[in-house]
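Visitor: Kindly produce the complete structure, drawing on both the sequences and the hints.
Chains A and B are the protein sequences, given in the same order. If you're matching positions, the first sequence starts at 1 in full-length UniProt numbering and goes up one per residue. If you're matching positions, the second sequence starts at 1 in full-length UniProt numbering and goes up one per residue.
Don't read these hints as lab results, they were simulated from the structure. Be careful, since some hints might not be right.
What the simulated footprint calls covered on chain B by chain A, stretch by stretch (three residues with Cβ under 8 angstroms from a Cβ of chain A suffice, anywhere in the stretch; the number is not a length) [to be verified]:
id, segment
1, 42 to 48
2, 74 to 84
3, 296 to 303
4, 312 to 320
Computed cross-link-like contacts, DSS-like style, restricted to lysine-lysine with a CA-CA straight-line distance of at most 27 angstroms [unchecked claim]:
id, chain 1, residue 1, chain 2, residue 2
5, A, Lys254, A, Lys326
6, B, Lys106, B, Lys150
7, A, Lys106, A, Lys42
8, B, Lys358, B, Lys254
9, A, Lys42, B, Lys42
10, B, Lys42, A, Lys326
11, A, Lys254, A, Lys150
12, A, Lys358, A, Lys42
13, A, Lys42, B, Lys326
Here a beta-carbon is modelled for each residue, glycine too, at the ideal position from N, C-alpha and C.
There are 2 protein chains.
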Amino acid sequence: MTRFAFDIHATDGRARTGEIRMERGTIRTPAFMPVGTAATVKGMKPEAVRATGADIILGNTYHLMLRPGAERVARLGGLHRFMNWSRPILTDSGGYQVMSLSDLRKITEEGVTFASHLDGSRHLLTPERSMEIQRLLDSDIVMAFDECPKVDQGRDAIARSMEMSMRWARRSRNAFDSGGEHAGRAALFGIQQGGLDEELRRASAEALAEVGFDGYAIGGLAVGEGQEAMFATLDFAPAQLPADRPRYLMGVGKPDDLVGAVERGVDMFDCVLPTRSGRNGQAFTWSGPLNLRNARHAEDLGPVDDRCHCPTCGTYSRAYLHHLIKSGEMLGAMLLTEHNLSFYQQLMQAMRAAIAEKRFAAFVLQFRSDYFARG
Amino acid sequence: MTRFAFDIHATDGRARTGEIRMERGTIRTPAFMPVGTAATVKGMKPEAVRATGADIILGNTYHLMLRPGAERVARLGGLHRFMNWSRPILTDSGGYQVMSLSDLRKITEEGVTFASHLDGSRHLLTPERSMEIQRLLDSDIVMAFDECPKVDQGRDAIARSMEMSMRWARRSRNAFDSGGEHAGRAALFGIQQGGLDEELRRASAEALAEVGFDGYAIGGLAVGEGQEAMFATLDFAPAQLPADRPRYLMGVGKPDDLVGAVERGVDMFDCVLPTRSGRNGQAFTWSGPLNLRNARHAEDLGPVDDRCHCPTCGTYSRAYLHHLIKSGEMLGAMLLTEHNLSFYQQLMQAMRAAIAEKRFAAFVLQFRSDYFARG
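Guide: This is the structure:
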């Protein structure tokens, strides 16, 4: 069995397409990973998630350590069995959510002490504990524990934070490697930090490469800096990372973010946007986003997107979805989540095909023309 | 094509099993109809509802007339196309929900004036308008418009209400019959009233039989009188109705209610209990109801019910369902709704088989022994 292999099948400009092979399955890249925060992709059965074309999903260490608890998941046979998803799962390290969700955080060189947003209970998350939790969950792709600083801090603060994250990356590597049998079948990714600064990003990339990881994430983006600043950073950040390893842009993004990031050499993504937006009545389409709450859909017998192959578009009218969303019916959230996840996978598949056929630039032009054309 | 035919294949004591044949499909009796209030069985795709074994679902006139509106549903091609359910749909008359949900009701011989619980808008519901709405929805089984009085009113009030409902039943019949092409393929059921009083029930049954309906509902029960009083009423009420027509006990009930009512000659049921309870974390099983919120399920790898054939029981542990319900995850509501609807259909199927094989009394004894045995 292959623990972790990444093969690039084709490149077109900076864009790449290929596959990651792991024991639990193959991940076609560029890949979009649906977010399954609390051991469920909200509103979807796992077989339906797979049917959208997802090769891998993401689980959140922060949420799972608090409920149901990592030791409990381990006693129940691991996250895959618990939630009935047999393919690869990537778990984040908890670092980002501790900063965005918990109360009373205290950061030291040792790690982060925080209070649970659920019950106020105190917890300490360190690189070593994060690795232990991800091992207890039986994660396939483990993320190093890092600090994700706010983008509007000064350069010195961003630099100090990045340097600590690089020390935590080393500690994550050591803890992961001492994880016994799990280390023999899981992969470990490092996370580049350094804000929007090219030199800090380079220093971070060099520190990570010296430790050595199976893949490299670009962290600290999509935190409010805007698409222009994100793309400007992606003009240099991916190329600083080892070319033969997957590059994972964390927490991104809108369809046009994904296209622009693939254009700049990114291979993997995750984001709550398709699931969260679906629950709120927003659908993504080849013609741009669509708010199904809008009264103009009330008697529209057409599908959400007439180019989409998902079950929602093949079966239900905009009029019906409008009714469900206006009525607060669960089925509206379910059907739009399924559509959005399916649309995201169709977008990734279209990008993979365009790169393989060396027509990615033309694809991007056409995508933007269609996506931003709606009046 | 058969507009409406009811064939009793076997009887055992007062229990009967058979089938209703209609243009849109056959309904095996005794039948349980899942409730699809607002053009959706909450949390279920229609194909999953069908997969539980449901031959027919129920839609609510009151909800649909207010949102999205009966004329709108008609413009969109009718309720079946709107919600993607091609088999029979029974619609209630709106009478019960007007009394239980709306504000500012005023009842006259003409009908009921009320204010919408959604936006306060004023509406008049009469036998004629109820028939028109159910025709616009393209209902397969139309219910006569009636008043459902509170069970704790005095005999005189119950009698006066029943007598008005019988006049409304006549008006419903006349309005239904003038519905043109729809009357040629839909069925109309009358609704017996009269509270818990045998003589009033008899008078109501005679008035309905004189008008003539395709089937007869027993209304005005399951409104707080308790199982003992309901069963006492069912000891005489079904036999007062024409034996060759289906008998439908509206709004019932718990699994043991269904068994006791089938034992007393009832053929059809509807109830929100399996769907509503599922959303709240309660599962029905052959061993009685089970609250998945209970901490004792937190590490239980067993299924909700090891005798159940539903996808939830075949795939997920009590521990996972406990986690989903505790976390407020949609998937918990979805999986328990699917289990409960499937369990109800398995219960109906078991009753149909037991009646057909003339072993219904033994089935009932075993059911009660199992269902009430849990400590």
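Visitor: Are the hints correct? Go through all of them and say.
Guide: How the hints compare with the structure:
no.	hint	verdict
1	42 to 48	holds (count 4)
2	74 to 84	holds (count 6)
3	296 to 303	holds (count 3)
4	312 to 320	holds (count 5)
5	A/Lys254 / A/Lys326	holds (24 angstroms)
6	B/Lys106 / B/Lys150	holds (15 angstroms)
7	A/Lys106 / A/Lys42	violated (31 angstroms)
8	B/Lys358 / B/Lys254	holds (24 angstroms)
9	A/Lys42 / B/Lys42	holds (16 angstroms)
10	B/Lys42 / A/Lys326	holds (14 angstroms)
11	A/Lys254 / A/Lys150	holds (20 angstroms)
12	A/Lys358 / A/Lys42	violated (36 angstroms)
13	A/Lys42 / B/Lys326	holds (14 angstroms)
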